[in-house]
Amino acid sequence: MSSEETTPEALDRYHIAILAELQRDARQSNAELAQRIGLSAAPTWRRVKWLEEQGYITGYRAELDRRKVGLGVLAFVRVDAERSAGAATKALEDEIRRLPEVIACHYISGTGTFELQVMATDLDAFSRFSINTLLNLPNVKDIHTSFSLGEVKAGGALPLGHLKG
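When we follow the UniProt record's numbering, the leftmost residue of the sequence shown carries the number 1, and every step to the right adds one.
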């Protein structure tokens with residue numbers, strides 16, 4: 001496993017099993033992980049470290065219930081930006097990254113430039129955030145918002161069935 005092998009083809013069945021198991025439960029001990037994938041502890045630990053070093057595993061975090069922490073509103077916000085210079089778009093990207101209310105941001109095709117997922121405590125807080133922050137970001141022409149009325153699936157693990165091990 002050289003450091004240059006960072007394509008999915010570099011992954012064997014144990015790497016794939018580690019990724020699947022850690023997505024399911026990242027708190028399990030190395031011994032538990034090793035038992036679940038069918039390797040001993042030392043090679044399992046080395047493989048996990050390699051997956052981290054190669055950037056396959058980018059971090060570990062707890063999944064929180066947004067409502068229990070007082071975030072009752074989940075909004076999807078399409079941001080229409082002026083399509084001018086690349087520097088203006090970069091400035092907008094940098095500002096979006098700084099906003100803790102924005103939990104995800106994607107370039108999108110079709111109408112608009114970015115699609116944001118935004119969390120707020122309630123509609124009043126979201127309204128203030130939209131007017132005072134989003135509409136004042138550099139290069140923003142307009143915003144269009146849709147609200148989540150209920151989550152069918154959230155925080156899902158990445159599908160790994162396409163990886164050959």
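Quick caveat, the hints were computed from the structure, so don't treat them as lab data. Wrong hints could be hidden among the right ones.
Using C-beta positions, here's what the derived DEER-type ranges look like [claimed, not checked]:
1) T133 - D65: 21 to 29 Å
2) S40 - L135: 51 to 59 Å
3) D122 - T58: 29 to 37 Å
4) G38 - N136: 52 to 60 Å
5) E9 - P100: 47 to 55 Å
6) G38 - P159: 37 to 45 Å
7) T133 - A41: 34 to 42 Å
8) E52 - P100: 20 to 28 Å
Don't be surprised by glycine CBs; every beta carbon is placed ideally from N, CA and C.
Between T133 and A41, is the Cβ distance one that fits in 34 to 42 Å?
-> This hint is violated: roughly 48 Å between Cβ atoms.
Can you let me know if the beta-carbon spacing of D122 and T58 is within 29 to 37 Å?
-> Holds, at about 32 Å.
Can you let me know if the beta-carbon spacing of T133 and D65 is within 21 to 29 Å?
-> holds (25 Å)
Outcome for the supplied range 20 to 28 Å, where the beta carbon pair is E52 and P100 = holds (25 Å)
Should the hint that G38 and N136 are 52 to 60 Å apart at their CB atoms be regarded as holding?
-> Holds: the Cβ-Cβ distance is about 55 Å, inside 52 to 60 Å.
At the C-beta level, are G38 and P159 separated by a distance inside 37 to 45 Å?
-> violated (22 Å)
Does the Cβ pair E9, P100 satisfy 47 to 55 Å?
-> violated (37 Å)
CB-CB spacing for L135 and S40 relative to the 51 to 59 Å hint = holds (57 Å)
Of the numbered hints given earlier, the model fails hints 5, 6 and 7; all others are met.
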